[in-house]
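Q: Sequence:
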Amino acid sequence: MVIGGSNEFKCDILDVLENEDRSNSLLEKLISSCREFRLCVAAKIEKRLLYEEDCTNKKSATAAKISELQQKIDTVTANMDIIT
Numbered sequence: 001m002v003i004g005g006s007n008e009f010k011c012d013i014l015d016v017l018e019n020e021d022r023s024n025s026l027l028e029k030l031i032s033s034c035r036e037f038r039l040c041v042a043a044k045i046e047k048r049l050l051y052e053e054d055c056t057n058k059k060s061a062t063a064a065k066i067s068e069l070q071q072k073i074d075t076v077t078a079n080m081d082i083i084t
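Residues 1 to 84 in UniProt numbering are what the sequence shown spells out, letter by letter.
You may find that some hints are simply not true.
[As the list claims (entries may be wrong)] Lysine to aspartate or glutamate pairs mimicking DMTMM-like chemistry, simulated, CA-CA at most 20 angstroms apart:
(1) Lys65 x Glu53
(2) Lys65 x Asp54
(3) Lys29 x Asp12
(4) Lys58 x Glu46
(5) Lys44 x Asp54
For the record, the hints were derived by calculation from the structure and aren't laboratory data. Because the structure is a prediction, the values reported are computed rather than measured.
Between the sequences and the hints, there should be enough to build the whole structure, so can you do that?
A: What follows is the structure, given as structure tokens:
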């Protein structure tokens, strides 16, 4: 049996069934690997949430800048209409 990831977890099932000490050791390694996997997933989720928050903030800032520029365009257009 092989469980992938950055640190592969390999074991011989027959060896585990025949050797109780080996079974306990492998169980501890499996539990540790699962914890590491959960931490890795949690870190990736946190990174993604921070990225989404950053994108939302940038989108809001861009929308505000576009609105500001549109107001300037409207003002300049109105001033040009007054002159002509």
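Q: Could you work out which of the previously given hints the structure breaks and list their numbers from low to high?
A: none
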